[in-house]
Amino acid sequence: MALLELKQVSKSYPHAKGNIRVLNEMSLGIELGEFIAIVGPSGCGKSTLLRIINGIVPPTSGQVLYNGQQVDGINPECAMVFQSFALLPWLSVKANIELGLEARRGAPAERERLATRYIDKVGLDGFEEAYPRELSGGMRQRVGLARALAVEPAVLLMDEPFSALDALTAIGLREELLDLWQAADSPVKTIIMVTHIIEEAVELADRILVLSTGPGRLVGDIKVELQRPRDRRAEAFNSLTDRVFSLIEERA
Amino acid sequence: MEQKINMRRIIGGAVPILIVAALLALFFGFRNYVPALHGPRLSITAHQLPYYAFCSFNRMLVAYVIALVFSIAYGMMAARGRMWERIMIPAIDIAQSVPVVGFFPAAVYFFVALAHGSRLGVEIAAVFLIFTSQAWNLALGVFESIRTIPDDSREALEAFGSSGWLRFRKLMLPACVPKLVYNSILSWVAGWYFLIACEIITAGPSTYRLPGLGSFLMEAANRGRNSEMVLGLLTLLLVIVAMDLVVWQPLAVWAEKFRYEFTSGAEAERSLGMLNAIGMLGPSVYRAMRLAARPLTTLAQGLLGAIPPLDAATRERAARAARAAGYAALLTFVTLFSYATVRGLGALVRTLMAPWPAAVRQIPAATLASTIRMIAAYAISLGWTLPCALAAIHSARFKRWLSPIAEIVGSMPATALFPVIVVLVIQVTGQMNLASILLILTGMQWYLLFNLLAGASQIPAELKEFARSYRLSRWATWTKLDVPALVPSIVTGSITAWGGGWNALILSEYFVYRGQTYKVLGLGALLDAATYETGNNLMILLSLLSMVVVVVSLNRLVWRRLYNLATERYRFD
Chain A
1 MALLELKQVS
11 KSYPHAKGNI
21 RVLNEMSLGI
31 ELGEFIAIVG
41 PSGCGKSTLL
51 RIINGIVPPT
61 SGQVLYNGQQ
71 VDGINPECAM
81 VFQSFALLPW
91 LSVKANIELG
101 LEARRGAPAE
111 RERLATRYID
121 KVGLDGFEEA
131 YPRELSGGMR
141 QRVGLARALA
151 VEPAVLLMDE
161 PFSALDALTA
171 IGLREELLDL
181 WQAADSPVKT
191 IIMVTHIIEE
201 AVELADRILV
211 LSTGPGRLVG
221 DIKVELQRPR
231 DRRAEAFNSL
241 TDRVFSLIEE
251 RA
Chain B
1 MEQKINMRRI
11 IGGAVPILIV
21 AALLALFFGF
31 RNYVPALHGP
41 RLSITAHQLP
51 YYAFCSFNRM
61 LVAYVIALVF
71 SIAYGMMAAR
81 GRMWERIMIP
91 AIDIAQSVPV
101 VGFFPAAVYF
111 FVALAHGSRL
121 GVEIAAVFLI
131 FTSQAWNLAL
141 GVFESIRTIP
151 DDSREALEAF
161 GSSGWLRFRK
171 LMLPACVPKL
181 VYNSILSWVA
191 GWYFLIACEI
201 ITAGPSTYRL
211 PGLGSFLMEA
221 ANRGRNSEMV
231 LGLLTLLLVI
241 VAMDLVVWQP
251 LAVWAEKFRY
261 EFTSGAEAER
271 SLGMLNAIGM
281 LGPSVYRAMR
291 LAARPLTTLA
301 QGLLGAIPPL
311 DAATRERAAR
321 AARAAGYAAL
331 LTFVTLFSYA
341 TVRGLGALVR
351 TLMAPWPAAV
361 RQIPAATLAS
371 TIRMIAAYAI
381 SLGWTLPCAL
391 AAIHSARFKR
401 WLSPIAEIVG
411 SMPATALFPV
421 IVVLVIQVTG
431 QMNLASILLI
441 LTGMQWYLLF
451 NLLAGASQIP
461 AELKEFARSY
471 RLSRWATWTK
481 LDVPALVPSI
491 VTGSITAWGG
501 GWNALILSEY
511 FVYRGQTYKV
521 LGLGALLDAA
531 TYETGNNLMI
541 LLSLLSMVVV
551 VVSLNRLVWR
561 RLYNLATERY
571 RFD
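Order-wise, the sequence lines are chains A and B.
Quick note: the first sequence uses my numbering, first residue 1, plus one each step.
Quick note: the second sequence uses my numbering, first residue 1, plus one each step.
Derived by calculation from the structure, the hints in this document are not laboratory data.
Any given hint might turn out to be false.
Okay, derived cross-link-like pairs now, DSSO-like style, lysine-lysine, Cα gap no bigger than 30 Å in a straight line [said to hold, decoys possible]:
| # | chain 1 | residue 1 | chain 2 | residue 2 |
| --- | --- | --- | --- | --- |
| 1 | B | K480 | A | K121 |
| 2 | B | K480 | A | K94 |
| 3 | B | K399 | B | K480 |
| 4 | A | K7 | B | K464 |
| 5 | A | K223 | A | K7 |
| 6 | A | K94 | B | K464 |
| 7 | B | K464 | A | K189 |
| 8 | A | K94 | A | K189 |
| 9 | B | K464 | A | K121 |
| 10 | B | K170 | B | K257 |
Assemble the whole structure, with the sequences as input and the hints as a guide.
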């Protein structure tokens with residue numbers, strides 16, 4: 001049985017000229033331990049799909065199953081990393097991470113222990129009391145990542161997490177993300193990442209889901225069987241990138 | 001060092017107040033040259049209403065046109081360079097902190113004397129008062145628009161070797177359009193508020209009457225003619241709603257074209273509030289409205305395009321002439337201003353040398369009482385607008401429902417309701433205190449609400465999604481996300497709300513109803529009593545000045561500090 005299952009999920013938004021359908025009868029299953037990348041042209045509803053999995057956005061029709069159970073509302077086993085980081089500028093790094101743990105209702109000491117632990121894990125020690133404004137983009141996204149990891153979610157959802165960063169910073173963070181995920185003590189087993197950078201998808205994911213636009217449909221489901229660490233200059237890497245590219249282009 | 005800075009700040013605060021005091025003294029000095037005028041008797045029959053509406057509308061239009069021209073010139077000049085900005089922008093701050101309603105009698109004396117005792121002076125004074133309520137935010141809007149023109153647009157035009165004239169026509173003016181339209185809407189709301197206020201004021205003492213909707217309402221309330229009062233209010237509502245539908249909404253849609261930033265959603269939503277409300281009536285009504293308004297947007301477009309291109313020689317000459325005219329105007333203004341200030345200082349000394357009436361001793365207590373009333377009204381305003389804003393942040397449906405209603409109700413000049421409110425409260429409680437607070441409330445709450453709603457729509461969507469995704473409790477969402485995010489809008493909203501409140505206060509502490517005077521202890525009441533009963537210039541001056549001092553010190557000690565804190569800590573970047 002799949003960990004996460006989407007059954008005939010559709011989403012429409014009301015609009016002045018009738019409803020706009022962003023997602024059309026999407027069905028897919030995601031297994032425990034998979035690293036999934038969702039790619040597609042802008043406007044294909046990939047971010048909406050991620051929000052439906054999290055439960056922030058309810059689907060217009062269809063179901064989301066987690067461990068075979070239907071999920072209504074927010075799925076507490078998921079945690080989201082946002083494209084623009086979504087940090088509160090008036091809270092320190094540590095306070096931001098602890099705020100993400102607020103729903104756990106644990107003792108303050110426990111929240112603090114978790115926050116400190118994941119601040120260390122993402123390499124932010126020494127910056128606990130800094131404010132997001134004082135940090136570089138890459139550092140801010142580390143805070144976003146630490147906040148999500150501190151929840152110790154089974155599924156990590158990432159919405160274009162490295163798109164707002166410069167290319168070099170993004171490369172470094174991708175490697176760290178893989179290390180964190182592959183570590184034996186990592187609570188996060190499954191990652192679902194939305195991206196429009198195809199190389200990023202090929203570099204990181206076990207499976208790439210390709211979406212087409214207007215309305216979003218699944219047009220490709222590609223297993224990536226390259227050995228990790230992956231060489232971005234290898235023949236196999238490039239031919240896979242080309243395959244994903246042509247899948248997107250012929251449907252656009 | 002510390003001491004030096006403090007001295008400088010005290011002087012920086014005191015000098016403007018002194019200048020305001022001098023000008024006030026000068027203006028009030030004209031009272032002695034003014035003959036008692038006998039205004040027309042106001043008849044309050046329903047078929048006169050179109051005429052009264054026409055009178056009021058005319059005053060608004062004249063004042064607005066002057067304010068528009070003034071603000072474009074002023075804003076562009078202030079944007080010319082650092083030095084201009086350092087003088088011209090604080091000048092607006094000071095001008096805004098004088099409660100204009102209190103200034104109205106002074107303006108009446110001045111302009112009536114200037115018009116050789118003609119009734120036209122009262123008209124000019126009213127236009128002047130409306131002008132002062134409209135010009136400042138327009139000028140600030142122009143200033144900000146020009147300052148925020150992206151450098152690359154500016155450089156692109158310069159790369160084509162374009163002259164000052166072309167720059168004005170193709171870059172500066174279009175850049176100002178969105179803010180000018182938006183601020184014009186606000187200016188008309190403020191203008192109606194003050195127009196009705198000065199018409200009501202003149203309806204009190206029989207001498208300086210202005211025929212208009214405000215005086216009609218006041219007179220109807222005074223004579224207890226309820227049906228005429230309702231008709232008057234309906235006429236006013238009709239004029240305002242028609243104006244909004246036929247002029248402002250189409251212009252607002254048109255102005256969106258001139259925006260530099262490409263933020264969709266929140267901005268567009270704001271300008272379409274009332275159109276949405278009409279849209280609910282049915283698509284055909286909505287289309288008809290848009291169609292009816294088309295000539296207007298075509299006209300605006302045409303006006304902007306009709307400014308002709310000039311050949312190089314004419315352009316040069318025009319530019320030189322414009323510069324010369326600008327300097328001449330500036331010189332004239334500075335000369336007149338210095339002359340008036342010097343004369344005013346003399347008048348101030350003479351006024352202060354006059355024997356002080358016993359009523360002066362009431363001023364400290366009155367200041368305190370008025371401030372307490374303001375605080376009470378402010379607490380009520382914040383008490384209902386903050387929960388509304390919090391609800392609007394997380395419920396799009398509530399926001400869609402609230403915005404158009406608030407826009408319609410908020411664009412009604414609350415001063416028109418003053419007679420109704422006072423009469424009702426006096427009949428129920430027999431005294432003024434509650435009525436006074438209610439009237440101040442009407443002058444405060446909308447500024448807060450609109451600022452808070454604007455702030456609410458600026459919270460990034462991903463932050464709201466974060467709160468939901470991480471299942472934050474309602475309390476944590478409010479205290480950690482919503483309220484801190486609203487702090488800057490609370491502060492700017494509060495500054496304008498207190499400004500509006502002081503104006504309302506002057507009208508709210510003293511009321512003549514059916515020949516009987518109702519008043520409470522307060523600065524507004526002292527001011528009105530001195531204006532209408534004793535005619536004591538010293539008392540008028542001292543009560544106005546106490547008000548200005550309280551306003552300026554609150555601005556400097558409380559609001560500016562909060563503002564700095566807010567922009568430093570509670571902003572998104």
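Worksheet item: Against which earlier hints does the structure fall short, listed by number upward?
Response: Of the numbered hints, all hold.
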